[in-house]
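Colleague: What follows is the residue order along each chain.
2 protein chains.
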Amino acid sequence: MRVIVDMMGGDKAPLEVLRGVVSAAGECSASFVLVGNREELLRIARQYACDISGFEIVHTSSVITMEDDPIAVLRGKKDSSMITGLQMLADGKGDAFVSAGNTGALFTGASLLVKRLSGVGRAAIGTVLPGTAPFLLLDAGANITVSAEYLEQFAVMGSAYMKSMFSISAPVVGLLNNGTEEGKGTPLHVEANHRLRQCRAIRYVGNVEGSEAMFGACDVLVTDGFTGNVFLKALEGTCKWMMKTLKKEYSKNAMTKLSALLFQGSLAEMKHSLDPSEYGGSPILGISKPVIKAHGSSDAKAFKNAILEAIRYAESGVSEEIAKAALDFGASQAEV
Amino acid sequence: MRVIVDMMGGDKAPLEVLRGVVSAAGECSASFVLVGNREELLRIARQYACDISGFEIVHTSSVITMEDDPIAVLRGKKDSSMITGLQMLADGKGDAFVSAGNTGALFTGASLLVKRLSGVGRAAIGTVLPGTAPFLLLDAGANITVSAEYLEQFAVMGSAYMKSMFSISAPVVGLLNNGTEEGKGTPLHVEANHRLRQCRAIRYVGNVEGSEAMFGACDVLVTDGFTGNVFLKALEGTCKWMMKTLKKEYSKNAMTKLSALLFQGSLAEMKHSLDPSEYGGSPILGISKPVIKAHGSSDAKAFKNAILEAIRYAESGVSEEIAKAALDFGASQAEV
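From first to last, the protein sequence lines are chains A and B. Taking the numbering used here, I'd label the letters of the first sequence as residues 538 to 873. Taking the numbering used here, I'd label the letters of the second sequence as residues 538 to 873.
The following block holds chain A by itself, in its conformation from the complex:
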């Protein structure tokens, strides 16, 4: 197992990314290729006493920023760490690629350089979210506009992912909607709901409201990337805000402080179960090889978990499972 890492992507790169790699290397037997500015990496490794002597470094000179246009970078920033890393994956110089950089650029680069699986019209970003049972949200932010056919493909790909990665034999799929009744949502949702109901490749439960998703309504929550992103951030923001409110209440007086002391084990556990960084990175489903997006604000722990997710993803054979599913259900007719 050989993992290619974009060392320059993300708000806290390259230091936290480097620490994440070192930490992951300590927990697995994979080898690593670090793609980024060699001089900067060596300097930081020296400065923070990180031993990177065991890693291969591939030098790149430019960096993709959050403001860069996804399409433009494919031509204009071929020498960036992200595009170089993706090309290396495409060329078989590694088994998986992990990046915390510009989501749009990573998604576009993965789709065009590493290529989509045959039969997949659009790849999608999947994010596992906490709830009474973990569930996969997809698309979590890549495809701002979609067709009903794409949503059906997301359902099939998401089911294959939950089968392989969470050992759920027949994952329940729901369509994120503004009500459970038939006919809810935009014309696109009405059409998608109809298509999903007809689709034999999945176990479809129907429309699912956002409030029910974290209470086990489905294992795979299908939506377009815009709505998925809003849903994801509403969940993240609410968790963050409630933890902040709790903290404020706990520091109120001597009694609440004592209460916090008695509860600290449980609080740590809650924080852990709510922490997106614990869930590792978000795979781009539908790509021929494993490409994992780490959160843009990833610290070392989050990046380490994204790497471990990439390894699990590569070893699990999800890509093969998705390829098979996509062909099986006739997605090969989809617009490519």
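In case anyone wonders, no lab produced these hints; they're calculated from the structure. Among the clues, some could well be false.
If chains are identical, the list can't say which one is meant, so a pair holds when it fits in one copy or spans any two.
[Unchecked claim] 20 Å max Cα-Cα, derived EDC-like pairs, lysine to aspartate or glutamate:
1) K808 with D632
2) K700 with E858
3) K789 with E577
4) K781 with E806
5) K721 with E604
6) K777 with D548
7) K549 with D836
8) K652 with E593
9) K630 with E593
10) K777 with E806
11) K784 with E749
12) K700 with E852
13) K785 with E806
14) K721 with D605
All figures in this text were calculated on a predicted structure; none of them were measured in a lab.
Starting from the structure of chain A, add chain B where the hints point.
Modeller: Chain B only, in chain A's frame:
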């Protein structure tokens, strides 16, 4: 002040609605007109020892269900409690109308019977949400599809609401989007962002991500009804799930139970501040007279708060403020 109440709408009608009215009547000097099945209301009042001798009852025979088509009920269920109540409001037989019934039917009925304010192309449901500061989400679920022009009108109406009801002299408006950068979102969002930036009638901060909304990013969060509903339910679901997780953790052992005991005042306060029923009902902004939607699952307390919100709304002159704003900014050219 005379409040017209739909006694038959909502999951817990008519009992909890009746209790809500009795409770509200004890806290204000308004008079009430109860619209619903007289026999059933009298029977329930007797059974549960509610004194309703001071209320006028207007008898209606049919009830609008959650499955009813919003347009069809306007013709087919004229004798329902909701349509009768809306017609009474339109005819000046009361100052405000409150209902926990079918949102679509209430929205359509309010728009067509009570009528929109001059210059308002589409009314919108506003919902005040908790955060570091309360903020108004609109549209929270009525307009599944919108135009950029409608979103601009929502911004103007929402600003007028926050000015009148929360005494914020220049409310900050944000557009719910999947990133803060210019150019984010669907073509509709790009156009709306551009329009809002040009709009002199409001104080526009730009695109706002869902995760920042509860941290004071804006006072008015503008979006279409589909996305607004998904956002609202993600927030509600996450709050509910976290409170459930807390409860489970607290009941774990003797130490955590003691911790909960020491923290119970704060917990009650948190629950209170997170409880949507505490925020009263959701006004339909842009209608010529106050129409307030109570949550479909309203219990007596939630319904009482919706009634008190209706009274505040009627007394504050929000409708006049919105009417003035809509005309001022030239919305009179909007498609009606």
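Colleague: Hint by hint, say whether it matches the structure.
Modeller: Here is what the structure says about each hint:
no.: 1; hint: K808 with D632; in the structure: neither (32 Å within a copy, 48 Å between copies)
no.: 2; hint: K700 with E858; in the structure: within (9 Å within a copy, 55 Å between copies)
no.: 3; hint: K789 with E577; in the structure: neither (45 Å within a copy, 49 Å between copies)
no.: 4; hint: K781 with E806; in the structure: both (16 Å within a copy, 14 Å between copies)
no.: 5; hint: K721 with E604; in the structure: between (36 Å within a copy, 11 Å between copies)
no.: 6; hint: K777 with D548; in the structure: within (19 Å within a copy, 32 Å between copies)
no.: 7; hint: K549 with D836; in the structure: within (7 Å within a copy, 48 Å between copies)
no.: 8; hint: K652 with E593; in the structure: neither (25 Å within a copy, 70 Å between copies)
no.: 9; hint: K630 with E593; in the structure: within (12 Å within a copy, 80 Å between copies)
no.: 10; hint: K777 with E806; in the structure: both (15 Å within a copy, 18 Å between copies)
no.: 11; hint: K784 with E749; in the structure: between (27 Å within a copy, 18 Å between copies)
no.: 12; hint: K700 with E852; in the structure: within (14 Å within a copy, 57 Å between copies)
no.: 13; hint: K785 with E806; in the structure: both (18 Å within a copy, 12 Å between copies)
no.: 14; hint: K721 with D605; in the structure: between (37 Å within a copy, 13 Å between copies)
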